[in-house]
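**Q** Residue numbers (the working numbering), protein chains in the order written: chain P, 1310 to 1390; chain R, 5 to 163; chain E, 643 to 928; chain A, 1099 to 1902.
To be clear, the hints were calculated from the coordinates, so they are not data collected in a lab.
For every residue, glycine included, the Cβ atom is placed at its ideal position computed from N, Cα and C.
A portion of the hints provided could be inaccurate.
[As the list claims (entries may be wrong)] Every beta carbon over 12 Å from chain P, so not counted as near; a handful from chain A, in silico: (1) G1315; (2) R1335; (3) T1389; (4) M1474; (5) P1532; (6) K1720.
[Stated by the list, open to error] Derived pair list, reagent style PhoX-like, types lysine-lysine, alpha-carbon separation capped at 20 Å: (7) A:K1807 - E:K899; (8) A:K1182 - A:K1449; (9) A:K1221 - E:K679.
Spelled out from the first residue to the last, the chains are:
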Amino acid sequence: MVDVVLWGSLKSVAGGKAKIEVEAANIRQLLTRLGEAHPALKPHLERGVSVSIDGRIYRDAWFQPIPPGSEVYILPRLAGG
Amino acid sequence: MTSVRVSTTINGDAVEYLCDAEETLLDVLRDRLGLTGSKEGCGTGDCGACSVTLDGRLVCSCLVLGAEADGRKVATIEGIANGDKLHPLQQKFLEHAALQCGICTPGFLVASKALLEKNPNPTETEIRYWLAGNLCRCTGYDKIVRAVTSAAAEMRESR
Amino acid sequence: MRYEAPNSIDKAVELLAAEKGQAFVLAGGTDLLVRMKSGFVEPDLVVDVKRIEPLRKITAEKGGFRIGAAVPAAELGENSALKKLWPGVVEAANLIGSTQIQGRATMVGNMCNASPAADSVPALVAAGAVATIVGPKGRRDIPVEEVGTAPGKTSLAKGEIVESLYLPARPARAGDAYLRFIPRTEMDIAVVGAGVSLTLGADGTCTAARVSLGAVAARVLLVKEAGDAIIGSKLDEGALDKLAAAASAACKPIDDKRGTKDFRIQVAGVLARRAAVIAHGRATGK
Amino acid sequence: MPLDIKPVAPGHSFTVVGTRPLRPDGLDKVTGRAKFGADATAPGMLIGKVLRSPHAHARIRSIDASKALALPGVKAVVTRDDFKEGDPDFRDVLRNIMARDKALYEGHAVAAVAAVSAIVARKALKLIKVDYQVLPHVTDVEQAMRADAPVLHDDMFTAGLEEAPDNAASAAKAEEFGHVEDAKEKESDPHHGASLTGGFRPQSKKPSNVAKRHEFGHGDVEKGFAKADIVIERKFRTEATHQGYIEPHACLANYGSDGQGELWGCTQGHYMVRNVSAQLLGMDVSKLRVTASEIGGGFGGKTTVFLEPVALALSRKAGKPVKMVMNRDEVFRASGPTSSATIWVKIGCTKAGRITAAETELKLQGGAFAGSPVDMAAMAAFACYDLENVKAVGWDVVVNRPKQAAYRAPGAPISAFGVESVIDELAHKIGMDPLDFRLKNAAKEGTKSSYGPTYGPIGLIPTLEAVKKHPHYKAPLKAGQGRGLATGFWFNFGGQTCVSLNINIDGTVALALGTPDIGGSRASMCQMAAEELGIPYDKVRAVVADTSSLGFNDVTEGSRATFSSGLATIQAARDAIGKLCGRAAQMWGISADAVVWKKGHAKPSGSNAGNFEPLSLADIAKVAANTGGPIAGHYEVNAEGAGVSFSTHIADVEVDRETGRTLITRYTVIQDAGKAIHPSYVEGQYQGGAAQGIGWALNEEYIYGEDGKLQNPGFLDYRIPVASDLPMIDTVILEIPNPGHPYGLRGVGETSIVPPLAAIANAVSAAAGVRMLELPMSPPKILKAIGGQAAGKGKSKEKGGSKR
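Same shape as in the complex, but just chain P (with noise of 0.2 Å):
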């Protein structure tokens, strides 16, 4: 299990939630299942999205592993200059 922080704008799409617990074990399956426990959150998902765990940032990782207890952040896609 994971627990997934979203980022302000996320979380009110979320019915406000801020932390959610999902069974992932790569992005992939953390995308995939966020979008069909919160059907409003998959446009934003599909856009892109940033990934972050345990403070390293990925911005598309599909089997980047998530190991169990790690801290994962949903940010906005960064884009630079």
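Take the given structure of chain P and dock chains R, E and A to it, following the hints.
**A** Coordinates of chains R, E and A only, in the frame set by chain P:
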């Protein structure tokens, strides 16, 4: 649109061309003579990327008419190296990483060469004020000033 | 557009007078070509005056100097005799634009472009310079302050060309100076310009003074009250404060992308005062 | 970092990495032979020019180009009709390259012409008749958010509004932004079920110029403020600025009647240009080849398309190559400046200098389309601080201005200007050295960041300690001078990257990269390849391959090139080394795992390997044909783990109290690079970023008139710093290794622009005793503040007291 026949000297070579009366020397160099080393950054004399010398005087070629070059001597970036031997300024700009993207470098080299021919031992302030008409957005000017200072020192020794 | 490069002033006048469409004189071209490219002006004829020998000369004359219309600002800076006599005028001309612009721009072009923010004009007006104009009806002289009438407008008639500027001789203990305010250290158009020219008596009392301001009205101003504020004084703090106040009072500036009204009014006084101090220093040989 | 990438051992001594060799592409750039975007020509080439809207906001009823087409020498005209709607993800870029129903900003492209010469093209533009219905416009971010503001997009509804609009504060907020919404109605209205931005959560009922609300943070700021001894609250404003690259946008397009297309020009990402242009023109991606020319500066402004699809469309219609080059006026009016913004900041701390709560509200306009970098501004705002209670809210707003593009750490300089100014004020209020105040609250490994994740190893404290030891920080100051300090941060990114490394017959190496090299990254790639292969630096030549010669590469942005292409170069070299060892094993008749690669040679190793003479790279390459064929290494990856880069800047300024002018007298940049591959070009990034920040702080701004037109579209009145404005910019490179890269390097290209805005505001405050809340800190504003201070007998009344 009346065309003007011009015979001039560019980097020591005799050159003849036809140009429109309102065509600038920069457009002639780039579009008619294929000398694309001089760059257009603004077209209004505010950035210096098109710097050439006209009878030895440093000018913006975007604010000179092609017609005005008749009977005069033009020197551009393409004429600074002596065959395959780089001018000390060109060498020092490379050694000091005094360029990043390089679009402003031709203008800076033409302007710095004109400076050192007039003042072989310029202070940092003199270099900065002489080059104030050459805009650079990548380097913050620090390494350009160091490269010019270093080239000036080398040129003074070899005189 | 036609390009002509006559080798005599009369030929130039003839060309300009005969042209039915829009005709412009090309000296340095650093204003004209910018206006042409922006479509602000679409000339039918451009007369390049740089092949007319006399217009390229700086000649000593009756203790002063006559400067041809086609002399670029850079050459003024390289003429030590001229710089010694009129340091303020030369430093004003040398502030116009970059080194590259200095290689082309002329004081006459700066004057005829008639921008209220022209750098050389306040110094020329303070110096009491005179413009020699040649036209279909012959030659005439007018003081520089009567050339520019409004932004981009001059008092020249059709077919007339400015042939040269005359800077008069100077008595002993005379000095001039020009300062301008720009946000950067180079390249900007003057937000405020101030030219001061003054003469001191044997005892150091100011016997004559002219103060001229740029970029604070529709044309360059000759501010009589500012000059009078220091005449009869030894440029003590009080006199200088009066000069600064008079300069600020004369301003009729606008708010634009380069500065605000209040800013121009306040800084005009500051620069006029500082320029007067420099001119005084030069007059006393310090 | 993917598991197959082994970092070098700590304390590893490098041979080529860390030195300062001459860059491989330098000669052409100092002799004028280098070819930039506008330097290419093609036989039979036409010149393309764009007709741009003179109105800030207008409906386009009709476009009549018949007279233009009748002009001799005109070969083609394109308008909105030449671009079909396609994938919704490209909806905004389609509208930005060519206006459709509405012109949304002055300078917005409305039509384009291809003709035999520039003069004919310019004449043709004047003959195109456009029937505009001029609409009211808005260019200010706060005015655009008002309920009565002219609305740009009828289909834009604010997303991400707070959960229940029934609580007073949120309802007031909803009201303020034109969202008349009745709580009861929310549940029953089916309309809420689906909307452009999805989800059943509440959003505005009426179309609005507010595209989205973002929020980050943790803890309870109200509780935190209650515990504070001192609270400071200020409202700041910044104007839009431009990246200011000296090379205008330019490209040469050729669309053949066989449906194959070529594009050549300056861009930060030619693969992005290929994909987007192919989409907008309805082409297969394989049909379009894009070659990146040398690029004359980008800083994020060339990470999108403006001319390329238009040039291709003109070329397709005219059946001839078309060259398009923007003039400087077009670059300012119609490329991608960064946002203008208001920044409200409130921070509370104890007398001992510990921050108890920090809150900010940012409003950033992203021009005519949604997507301003307000989310990243909000995330970066308090990133340097270890905070118990923090909240950052961001509003993404549209206005009648050109669509923003990234500008070096997009958003971060804007929020840092507010935060670092208030931090400085707090420190002075409690009489604490601003450096110690930052050290006391600095984020470090294990800190829960203000945007969510907990930090791994980060280099902020080392930069602050380096400041403390640096001679600049304690150097004496003259009268009228002041010193200011500020810290900055940027995320940095990896991204999709491909590299191929081919071994030549003579043992030299051809390195093909996909990331356009703006500031000298080809040199650092050659260094990493040479380091890994154990050969001299000048045996490697790096080029930027076109889109048909190498796999997809993301844009050069996010300080990613040296990190991602560097990582891929190292892995490609290791791939090649594996094959080289394989060939040597075959030649020696021993097993491959008994061969190691040391100092550019294959060597037998292990007890039963036998003692053969080591084989150099050249030895193996010479006979490659006989041992199986050409040898090459490849690596394709979506790189992750780029690692953040922190920086602290020290600025000394001198303020002329009689004119309000500010001169920079000394400047020092101290930044963590992880590992400096080519120190000269790392210093160059530090100095260039600082210079852009200085321009942003003192003189650069977009000035709009009441008519919605840009008043200063040129380098005369858009004042970037000139050589005589700046002192030497001293740099200190710190190296706290980034575990995400084999050599420990971090992206460094963007952080350096973040601190200067506040560093200079803090220095001006120290020098002239006035706290500037608006950028740029132009002389008229400083003089007015000094005047106000004198008039108010020293107690300057900042107008920033209001909450929003």
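**Q** Any hints from earlier that this structure breaks? Give me their numbers in increasing order, please.
**A** Of the numbered hints given earlier, those the structure breaks are 1, 4, 8, listed in rising order.
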